[in-house]
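A.B. asks: Starting from the known structure of chain A, fit chain B onto it as the hints suggest.
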Amino acid sequence: MKRFFGLIRRDLVLAVRQGSAVTLSLCFFVIVVVLFPLGVGPELSVLARIGPGVLWVAALLSCLLTLDRMFQADFEDGSLDLLIIGPLPLEILVLGKVIAHWLTSILPLIVITPVLALSLNMPTEGIWTMSLALLIGTPTLSLIGAIGAALTVAMRRGGVLLSLLVLPLYIPVLIFGAAAVEAAIGQLPATPHLLLLAGISLGSLVVGMFAAAAALRLALD
Amino acid sequence: MSFAAENLTCLRADQLIFEGVSFSLSPGDALWVRGRNGAGKSSFLRICAKLLKPLSGMLKWEGEDIRSDSSNFHGNYHYLGHQDALKPVLTVSENLSFWAGFHGTPDVARALAEFELDLLRDTPAGMLSQGQKKRANLARLAASDARLWILDEPVSALDQHFIDLFKARLIRHLQNGGMALFATHQDLMLAKVRTLNLDDIAS
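Chains A and B are the protein sequences, given in the same order. Read in order, the letters of the first sequence are residues 1 to 221 in our numbering. Read in order, the letters of the second sequence are residues 1 to 203 in our numbering.
Be aware that a few hints might be false.
Said to hold, decoys possible - Quick partial rundown of chain B residues pointing at chain A, CB under 7 Å, derived from the structure: (1) Leu51; (2) Gly75; (3) Ala85; (4) Phe98; (5) His103.
Stated by the list, open to error - Pulled from the structure, derived: some chain A residues nowhere near chain B, Cβ distances all over 12 Å: (6) Val16; (7) Gln18; (8) Leu26; (9) Leu35; (10) Phe36; (11) Gly41; (12) Glu43; (13) Leu82; (14) Glu91; (15) Val111; (16) Leu135; (17) Arg156; (18) Leu161; (19) Pro168; (20) Glu182; (21) Ala215.
As the list claims (entries may be wrong) - Computed list of lysine-lysine pairs in DSS-like fashion (alpha-carbon distance at most 30 Å, straight line): (22) B:Lys192 / B:Lys133; (23) B:Lys133 / A:Lys2; (24) B:Lys50 / A:Lys2; (25) B:Lys50 / B:Lys133; (26) B:Lys60 / B:Lys50; (27) B:Lys53 / B:Lys133.
For the record, the hints were derived by calculation from the structure and aren't laboratory data. Source: prediction; values computed, not measured. Beta carbons: idealized from backbone N, C-alpha and C, even for Gly.
Isolated chain A, as found in the complex (with noise of 0.2 Å):
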């Protein structure tokens, strides 16, 4: 349990003093969301309609940029190979990167995302409604993305394939995600779509971590 936290901690710690990894994928997210009413223009009604739909898929791809480093950055300085000869579980290990890899690159996009909900003129019930399903759907994005992650390891520029690879997977997060935020927009029970998405992080969480120790024994030998 102490390697454990010891691991995140250390993940952490890289995270804070590089930097990049954070203000990346944030600057990216604020800067997709702000295109959009660019893009289709001014009209606030629109801007409300779409703006759930904007900042999921805004999140998704956010996630996507900070997702190939989550084993590579160790892959390639060899400290990889010492996480594995040590004592924790290859299990155990992948889940311990990737609640580093979601605290570091998707809670920051969940903090701001209040602030980009205002600007696209969404009503005050489906901000709230909207923070609590990126909470409760976003660790499926580290946990899926931790498969690829893991199967890209070995590769050079596996970002693209990552993205290929992981995105449809992604769908289903998306579809609910969105419902949920337009159910409360509209009057409607959120519940049953954030109990799906509920549903869907525990399912992940299984998957997961499985098949991205699976994947990682693969691409290492």
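C.D. replies: Below, chain B alone, put in the same frame as chain A:
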């Protein structure tokens, strides 16, 4: 306590690197793995460190297959490879403390002193020279209480003073009942060492 290999065969990218390699180590033994470039020294050591799967053959720790669940091989060995496994933005002592904590041996100060890294302890690892990085890696090894050391080129980039220092540390490890598998191009002039020449068995 013993470590043994039976008939290891290694296949990389459809090419047979070596076959039928066997050895056994008991406490105090060191095995010097030799061979020309590409003879499979690194692959051999990675197989021994459980980082690669051999095509066939078996590795045994205290008579148990290291791939079986009942083997307690984990935690009894430490691997030092070509890559330095140091994060450039962390200081030397932060790097070592993480690895020591991860492998369960928090005594970093002594290991730092042993390889004369005291003055460099708060330097970011990114600023170190190749030789200093190697010393930090050797300190990581010295901080662990692993019985079996698996070392891939442990003295490359070191100057003569630190080669001697490493040799003394290795001899002390062996005298304390440790075991070592190492691949170097230069002769470390150890008094008691067995040699495994992969050129003789390469196919």
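A.B. asks: What are the numbers of the hints the structure violates, in ascending order?
C.D. replies: 6, 7 and 13
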